Each structure stands twice: as structure tokens, then as C-alpha cells.
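In the order they appear, the protein sequences are chains Z and H.
Per the numbering used here, residue 1 is the first one in the first sequence, and the count goes up by one each step.
Per the numbering used here, residue 1001 is the first one in the second sequence, and the count goes up by one each step.
I should point out that these hints are in silico values taken from the structure, not numbers from a laboratory.
Capping the alpha-carbon separation at 25 Å, the derived lysine-lysine pairs in BS3-like fashion look like this:
1. H:K1070 - Z:K99
2. Z:K260 - Z:K92
3. H:K1126 - Z:K32
4. Z:K102 - H:K1130
5. H:K1102 - H:K1173
6. H:K1061 - Z:K264
7. H:K1173 - H:K1032
Below, a sample of chain Z positions facing chain H; criterion: calculated Cβ distance under 7 Å:
8. N17
9. V28
10. Y103
11. L104
12. I105
13. E106
14. K109
15. V110
16. A178
17. L266
Which chain H residues stay away from chain Z? Per the calculated CB distances, all over 12 Å, these:
18. N1027
19. S1031
20. G1033
21. P1189
22. K1196
Note that this is a predicted model, so its numbers are computed, not measured.
The beta-carbon is built from N, C-alpha and C at its ideal position, and this holds for glycine as well.
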Amino acid sequence: MIKEILNQISEKLPENNRFERIWKIAQVDFKKRYYNDRLGLFWAFLNPVMQVLVYWAVFTFLMKRVSEDIPNFGLFLFSALICWMFFKEVSKKSMKVLKQKKYLIENIKVDKIDLFLSNGISSLIGFCFNIFAYAVVALILFNTSFSLNLLYLPILICNLFLMGMGFGMILSTIYIYARDIDHLLDIFFLLVMWTSGVFFPAERVIEFWRPMFYINPFLGIFKNIRAVLVYDSTINIQIMSLNFSVGLLVFILGIHVVNKYTHKALEYL
Amino acid sequence: MTIRERLQLLFSKKNSQSELKALSNVNLTISKGETFGIVGRNGSGKSTLLNIIMESIRPDKGGIVKTKGKMIRLALGMGIDPNLTARENIYVNGSVIGLSFKRIGEKFDQIITFAGLEGFVDTPVKFFSKGMKQRLLFSIAMHVETEIILLDEFFGGVGDQDFKRKSDEAFKKVIMEGRTIIIVSHSLPIIAKYCKRVAWIHHGRVRSLGPAETVLKSYRNHFKKTKTK
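Turn these sequences into a full structure, and let the hints guide you.
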């Protein structure tokens, strides 16, 4: 069914070769990831749900203090965690795009940015499923109501997308010259995740460490996303625009870096 | 290279890797509609030259590459993602080259019939035999409107007799259509058969450039000399 939907979208695209190309590679990429085994798309749902369950269990049963007086803690966790996983996936996969798509770069003159874009879009498709799973859980288990605030959601997702893409493009350039960046990266991601307020608000931390949280752009993004998805309250426009500009900046920087420094990719990868 | 290796290099006494200049001082003009051959021994820089023509590698110094038109390179085992089906590979390759889906759809049946893969349209390419992969790639290149085709050691053993005949015909037709073709090959008969002009690359430099007969003759002589030595 999903295959058909994706195919239908590709038929409806305007006849612009660049769109078509980016979409086709994204579609094929997505298919490759989820249709190659029997459970297929099920994994796309299962993985985030299981992760949320584990963290939820830890913070509600083992470390009660953390989740005390946070209303709807399950959703609080779920909403931010899928966003974080989306960012992580986009940037981690972007890092290896040039290696993965070497077969195309070698054979046909191709704009590298297109490859990155289609990689991001294929992750975005997966993320949409996660959001859908979230909505189902929120509506059925938590009786959450959504309002027009939902209109902000695309902007916030776009912000995440820009950040992930930009960061991923920078990573992929570093990856060409230093391939063991992989190991360092996981530690970096851990650091960012724990200071981004995925698990608890920054106010819960002792004052000394709070600046660590405040310089993390994800803190604001997650806060706004929760305002839209969990608490149905107005979002902080100021923080949103600030974060959006950061995202845009990272994205532009990424494109610049890729255009300037990846010409050695074929030799080193 | 990894960070660890870089650090090791930094602290070891012999602190520079010897760099090999793959190519230097290469000046070539290949005009539209020409079938151009490149010969040279293993490691002489032929494939690097193709990479530079493709602009997938940027030369360190100077080296301005100007090409007009869409390009595809044919080489063994390249250009095809083994995890995708034949159909997907055709669409990905076609759209990256610059064709619209509509156009690819029109060409699709031709490509499949020419490659003789009628029963395998939705089979992942990893289950194909080597010959089938090669036929698929060749067929894409022949039917998709690229102005420039680079053949990197592609000839020799492409498919069975029947396909050889077919590919020979298709290839001649493509030449007649006025597409530019650059052939890199160790098989001198093939170069002699198709190419009017040939460049001989030796240790990263153009050793000689000119009409096929003269260049190939001196190339053969060079081999004979090194043999007798």
C-alpha cells in the first residue's frame, strides 16, 4: 500500500527532472531499507516505540523523581525522542552518502547536493510514519487534543531537517579525510542528547550545568515541538526563529563545505 | 585515512607519504562526434583521466575540464546498485543522467528487450549474472540520450555471441548518431576498429597523440622493445 502511495506521489510530481531525480533516489533508498526483509515497515514503527518504552520505564519506575509532576510524561518523551532520532538518522546517514552512492558519482555526472537531499527525504518519509504512530498513541491512550498550533509543526520539522542535513553534509566531508570520525560521533551524539532536554526539562538540572542546556539548539526545538504535540499551548516564536536561523546557517555551511571539499571523495572513499 | 593514521604519521619520523602524480601536463581536445581512444599500460593514469573528464575528481593544479552534454561512463561492475531491481536501476540512472520519468518510461521496453532481461525486470540486480549486469548497463547507455559515452575497459566478453553482434550494431549506430565516445582499452583491435584518433598515456603524460594507426604502431613497438630488453 505504502509502495503505491509513494509511486503515486512520483507520478504527480511536476515534470522537473531535478525533483524527479531526488524523489526517485529517496524512494528507492527508503524501499531498500524497509522492504528487504519480511517485517519491513514494521521496524520503522517498532524501533522508536521500543526505545520510548525503555526510557519511559526507567524514568517512571526506577528514577521516579525525574518524571514526577511532568504531565503526560510518556508523550513528553515520545515526541522529543522521535525528533531526536530523526535528526540523528539524517546526519548519520548523510555522512556515508558519498560512499554509498559512489557507484553513481563514478559513472554519471551528478550534483552531490541532490544525493544528500534525497537521503534526507528518505529519512523524512520514515519520520512521517513515526509522527503518525505518535498521533495514534496520543489520541487513543492519552486523549490529547490537537489544535491549529499544529500548523507550526512543519516549520519545526523543517528546522530539524535543515540541522540534520547541514550537520550531515559537514560530517560527510570530514568522513572523507578521517574515516574513524564514526567512533567520536556517537559520543558527541550522546552528549547532545543528554543536554537537549529529551528526558527532562533544563530546569531540573542543578544551576551550574544549565548553560550547557541553553546553548543546545535542540532544547528550544523540543520545547516548541512539545508545545504543539503534547500540551497544545502557544509556542515561543522568538526561540523558533532563532533556532530556524541556526538551522539555516548550518545547512548553508554544509552545502558550502560539500561543494568546496568533497572533490577528493572518490580517491579516498 | 583515519585520525589514528594521521596521528601516527605526525609522530613518526618519516612524515610524508610519497605522493604519486597520476597525471601531469595532459592537454586533449576531443570534438563532438569523435570516437577517441586512450591506450596505456596498467597504472599509467587512464582511469584517472576519465575521472577528471567526468569531473568526479578535480585535478590539483590547473586542469580545466570543459565538457558539453550529458555523460555516462561504462565500466565493469559500476553504475548499478545490486540491491535495486533492474527497473529501479534504469530509473535512477536515467533520471540522474537528466531524463524525465516520462522519457524513461518511453525507452524502458527498448532497454529491457535489448538487454534480453524480459523476465527479470523486478529482480534485484544482485541475483543477475555478470553478463546480465553488463548488458543492462550497456543497454541503458545505448538508449538514453547521452551526448558523451566513456567506455572504461568495457569491451571484451560483453555477453554471448548474439549479444556481441547486437551490441556491435548498436554501437555503430551510436557512432553514426554523432555521439562522442571515448574508449579506454587494452584491446588494441577494438581501438583500431572504432577510433580515428588515439592518445597514448605513459606514466601520466601524453606520450603520443594522433591518428590511430601511427599511435598504435609506436605503442606496439614500445612493447616489443621492453620485451626484448
